[in-house]
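Let's have the full structure, built from the sequences with the hints guiding it.
For reference, the chains in residue letters:
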Amino acid sequence: MLRGEIVVRDLHKSFGETKALDGCSFSASAGEVHAIVGENGSGKSTLAKILSGVLHPDSGEVSVLGVMPRSPIEARRLGIATIFQEILVADEASVAANLFVGADGLWARNARPGPRRRQTAEIMRRLTGVEIDPDAPVGQLPLSVKQWIVIGRAILANPKVLILDESSAALDLDATIRLHQEIRRLRDEGVCVIIVTHRIAELVRITDRATILRDGQTVATLPKAEITEKNLMALMTPQSRQRAARAAQIAPSSSERARVLHASALRLTAVAEPFDFTLGKGEIVGVTGLDGQGQDGFIKALAGIRPAASGLPVIDNGANGEASIGSLADADRLGIAYVSGDRKRDGIFPQLSIYENLALGLYRRNLAFGGWIRRVPIVGAFKAEVVRLSIKTGAASNKITSLSGGNQQKVLIGRAFAALPRVIVLNDPARGVDLGTKRELYEELRKFAAGGGSVVYLSSEIEEFIGFADRVDVFRDDRLSRSLAGAEIDEQPILAAMFGHAPTEVVFETGETVG
Amino acid sequence: MSAAVLRTRRFGLGGTYYGVAVGLFVVLLVISAVCGPHLFTLDGAAGAIIVVVPLVLAAMALTPIALVGRGSVDLAIGPLIGFLNVTLVQVLIANDVTSPVAVIAWVIAVGVAYQLLQGAIIVFVRVAPIIVTLSGYLVLSGVNLVIMPKPSGSVPDWMSDWGSGTTVFTPVLLVLVIGLVAWLLFTRTAFYQHLRLTGADERMAYASGVQTNLVRLGAHAIGGFFAGLAALAYTGLISSGDPTQGSNYTLSAITALVLGGTSIGGGRGGIIGSAVGALDMYLITYVLSTFNFGIVSGFVTQLAFGTVLVVALLSNIFLTGGKATAR
Chain G
1 MLRGEIVVRD LHKSFGETKA LDGCSFSASA GEVHAIVGEN GSGKSTLAKI LSGVLHPDSG
61 EVSVLGVMPR SPIEARRLGI ATIFQEILVA DEASVAANLF VGADGLWARN ARPGPRRRQT
121 AEIMRRLTGV EIDPDAPVGQ LPLSVKQWIV IGRAILANPK VLILDESSAA LDLDATIRLH
181 QEIRRLRDEG VCVIIVTHRI AELVRITDRA TILRDGQTVA TLPKAEITEK NLMALMTPQS
241 RQRAARAAQI APSSSERARV LHASALRLTA VAEPFDFTLG KGEIVGVTGL DGQGQDGFIK
301 ALAGIRPAAS GLPVIDNGAN GEASIGSLAD ADRLGIAYVS GDRKRDGIFP QLSIYENLAL
361 GLYRRNLAFG GWIRRVPIVG AFKAEVVRLS IKTGAASNKI TSLSGGNQQK VLIGRAFAAL
421 PRVIVLNDPA RGVDLGTKRE LYEELRKFAA GGGSVVYLSS EIEEFIGFAD RVDVFRDDRL
481 SRSLAGAEID EQPILAAMFG HAPTEVVFET GETVG
Chain X
516 MSAAVLRTRR FGLGGTYYGV AVGLFVVLLV ISAVCGPHLF TLDGAAGAII VVVPLVLAAM
576 ALTPIALVGR GSVDLAIGPL IGFLNVTLVQ VLIANDVTSP VAVIAWVIAV GVAYQLLQGA
636 IIVFVRVAPI IVTLSGYLVL SGVNLVIMPK PSGSVPDWMS DWGSGTTVFT PVLLVLVIGL
696 VAWLLFTRTA FYQHLRLTGA DERMAYASGV QTNLVRLGAH AIGGFFAGLA ALAYTGLISS
756 GDPTQGSNYT LSAITALVLG GTSIGGGRGG IIGSAVGALD MYLITYVLST FNFGIVSGFV
816 TQLAFGTVLV VALLSNIFLT GGKATAR
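For the protein sequence lines, the chains are G and X, in the order given. No gaps in the numbering here: position 454 of the first sequence is 454 in our numbering, and each next residue is one more. So our numbering is basically just the index in the second sequence, starting at one, shifted up by 515.
What the hints contain is simulated information worked out from the structure, not anything from laboratory work. For glycine and all other residues, C-beta sits at the position ideal for the given N, C-alpha and C. Keep in mind that the hints are not guaranteed to be accurate.
[Unchecked claim] Here are some chain X residues pointing at chain G (derived, C-beta under 8 Å):
id, residue
1, Leu-521
2, Gln-708
3, Arg-711
4, Leu-712
5, Asp-716
6, Ala-720
7, Tyr-721
8, Ser-723
9, Gly-724
10, Val-725
11, Gln-726
12, Leu-729
13, Gly-782
14, Arg-783
15, Gly-821
In structure tokens form, the structure reads like this:
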């Protein structure tokens with residue numbers, strides 16, 4: 001029987017076609033530090049949002065201190081304080097105002113400004129180790145201090161339940177230790193602390209119990225003695241997942257391929273370590289990492305969207321030698337196409353037709369005298385892509401939003417293919433796409449590679465790479481930390497690399513040797 | 516713990532959001548002293564106060580609504596002042612209800628009620644604020660003419676000498692002082708903090724347990740209170756009912772608001788800036804009137820407003836290190 005301050009039973013929550021939580025249950029009690037652990041997309045942030053009243057479950061039972069919170073205001077009244085993943089501060093307001101937001105009634109202050117300013121100075125000194133003016137506008141402060149303001153806000157609320165959702169991301173080691181001191185102090189005072197994280201090493205030190213989520217389901221709840229990195233990893237990794245069939249022949253290794261694109265001494269941020277990257281002709285390279293480890297910035301630098309802090313990717317340009325990619329115009333001219341998985345923001349034009357959404361990448365290549373667009377070749381290309389990708393459309397003039405997410409994504413991939421690129425860069429294109437469409441997408445990309453094209457494919461879901469990618473580059477701390485190929489392209493080795501472990505720790509369980 | 520200090524600049528009273536407006540005010544005062552010293556006589560000052568107070572209060576009425584964010588600019592403020600004026604004259608006074616209590620209660624209650632309606636549409640129907648207030652502008656402009664087709668009517672006896680402007684300390688000035696004191700008291704409430712934080716980052720405020728919908732409604736109600744005071748001063752100024760003149764306050768008040776450094780994006784600014792901005796507007800008109808532009812003076816004044824506004828915004832951007840105030 002589940003008992004405690006927090007009880008969650010058989011929780012379900014979907015966003016459109018994506019099931020974020022699919023039968024999650026756990027309980028936590030006062031005076032306990034309870035961790036919620038899982039891979040990217042395992043539903044742990046959704047769970048935190050439901051516990052704090054921001055989201056409402058589709059079905060299932062939630063009870064925090066005996067009640068199900070229906071809004072952040074109610075959650076606050078119940079004594080729940082949440083530190084969200086995003087650093088929510090008002091840049092225009094002072095440190096003190098940011099710390100005490102929500103602490104008052106609608107009209108009346110619960111404390112006078114004077115004592116509050118002293119309290120602000122005191123808690124910021126304790127948390128950051130630095131003197132901070134309580135009246136300073138928050139916009140001037142560095143990110144790490146903003147993170148402390150958010151933490152301080154939760155502590156000052158004197159919560160009975162404290163929820164931390166990836167709250168140490170912006171903190172360095174020293175700061176993390178101070179955060180742990182605060183967490184232990186609160187726990188000893190009888191607070192129920194929930195930590196949502198994928199930072200395993202950190203969690204092993206601080207947590208009393210850990211619940212592991214996988215694909216929105218609770219896999220296990222471990223007591224303190226069993227919380228080891230090895231156990232957590234094994235539970236986070238799906239055991240029974242269907243492995244896609246492996247490619248029959250062994251793909252040639254990178255060194256045997258003609259080099260198409262390479263980058264040397266690339267730095268993603270001014271302080272990150274430099275690294276090299278090579279992409280061969282006909283090669284499919286997977287790019288992955290835990291959230292925010294620099295993989296996104298890397299792939300955008302490759303596509304010319306946002307240059308890296310230093311160093312430019314260089315593409316082989318036939319008879320003209322080599323050319324560097326510093327802008328979107330360069331990328332377009334040199335045959336690099338980009339497909340985003342964030343269709344709403346970076347992909348579709350929701351007000352335009354299916355035809356226009358696919359064809360607009362072609363307009364510039366099909367201009368006649370005076371800027372007239374030659375329609376005939378574009379209509380031809382549109383039809384060809386619709387057939388090739390088997391896009392299920394109604395009339396081409398229908399709005400793109402009339403299509404399902406998977407078919408919208410196909411239109412975007414059609415847009416990229418229609419530009420006849422040499423390199424296609426995909427940023428998590430399978431997000432929110434059904435399994436059948438995913439398979440078709442892999443098939444098309446393999447054909448593209450077989451025809452001499454090169455593919456860079458970012459995904460946070462490891463199983464996408466298995467049987468698909470020739471190589472997987474894992475990012476950690478804003479640099480390419482490990483390249484995996486051959487038999488290493490499997491759940492456990494990739495997961496280990498994402499968490500920064502040596503490959504030998506885990507690979508042997510499957511009986512395969514490291515190539 | 517080490518006693519290292521993180522160096523920061525402050526804002527608020529020692530800060531810069533209305534610095535440009537105050538600087539402009541000083542410059543304009545100097546120019547006025549040279550070009551039109553009449554302003555500094557008892558008569559001149561008294562006349563100026565009568566004319567400027569309705570604009571100052573109108574700009575103050577816009578301030579809480581702008582502070583609460585979402586790009587809320589209350590375009591309806593001018594016709595609302597006109598509406599309060601014509602209903603006061605045509606409904607109350609024409610029926611011999613003339614006691615000061617009834618008159619003041621009427622303008623404030625109707626002002627607040629109208630703003631609550633506007634706020635409720637913005638909050639619950641989720642229409643963009645600018646569309647709602649534009650509709651309000653158009654509807655009220657029409658309604659004013661239906662209620663009172665042409666300027667007419669009179670004010671109660673106790674109000675009849677408000678517009679004469681013979682002394683500096685008139686009831687009109689008292690209305691302004693009451694408004695300023697009310698605002699000062701308001702800034703000491705938690706509600707004011709909620710209002711600013713909601714404007715600065717609505718998501719943060721909501722997630723931290725601020726009742727953002729109530730705060731937005733409240734901001735409108737406070738705007739309605741100041742609109743009522745503005746209508747009172749305006750009625751005193753013209754000593755009659757006028758269905759169209761009030762509408763002119765919309766553009767002047769918005770100019771004053773922006774000139775005063777309040778961000779239309781929310782969270783930044785305050786009533787002092789709006790008040791000084793309105794004073795600047797008056798002084799610009801006054802200084803220009805001392806030159807003889809004859810028939811084109813109206814155009815020159817508008818040209819000057821536009822130019823000053825752009826220059827003020829640019830200087831604000833440079834002075835505050837690249838952050839535009841009118842996003």
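Going down the list of hints, with the structure as the test:
no.: 1; hint: Leu-521; result: holds (5 Å)
no.: 2; hint: Gln-708; result: holds (6 Å)
no.: 3; hint: Arg-711; result: holds (6 Å)
no.: 4; hint: Leu-712; result: holds (5 Å)
no.: 5; hint: Asp-716; result: holds (4 Å)
no.: 6; hint: Ala-720; result: holds (6 Å)
no.: 7; hint: Tyr-721; result: holds (6 Å)
no.: 8; hint: Ser-723; result: holds (4 Å)
no.: 9; hint: Gly-724; result: holds (3 Å)
no.: 10; hint: Val-725; result: holds (5 Å)
no.: 11; hint: Gln-726; result: holds (6 Å)
no.: 12; hint: Leu-729; result: holds (6 Å)
no.: 13; hint: Gly-782; result: holds (4 Å)
no.: 14; hint: Arg-783; result: holds (5 Å)
no.: 15; hint: Gly-821; result: violated (27 Å)
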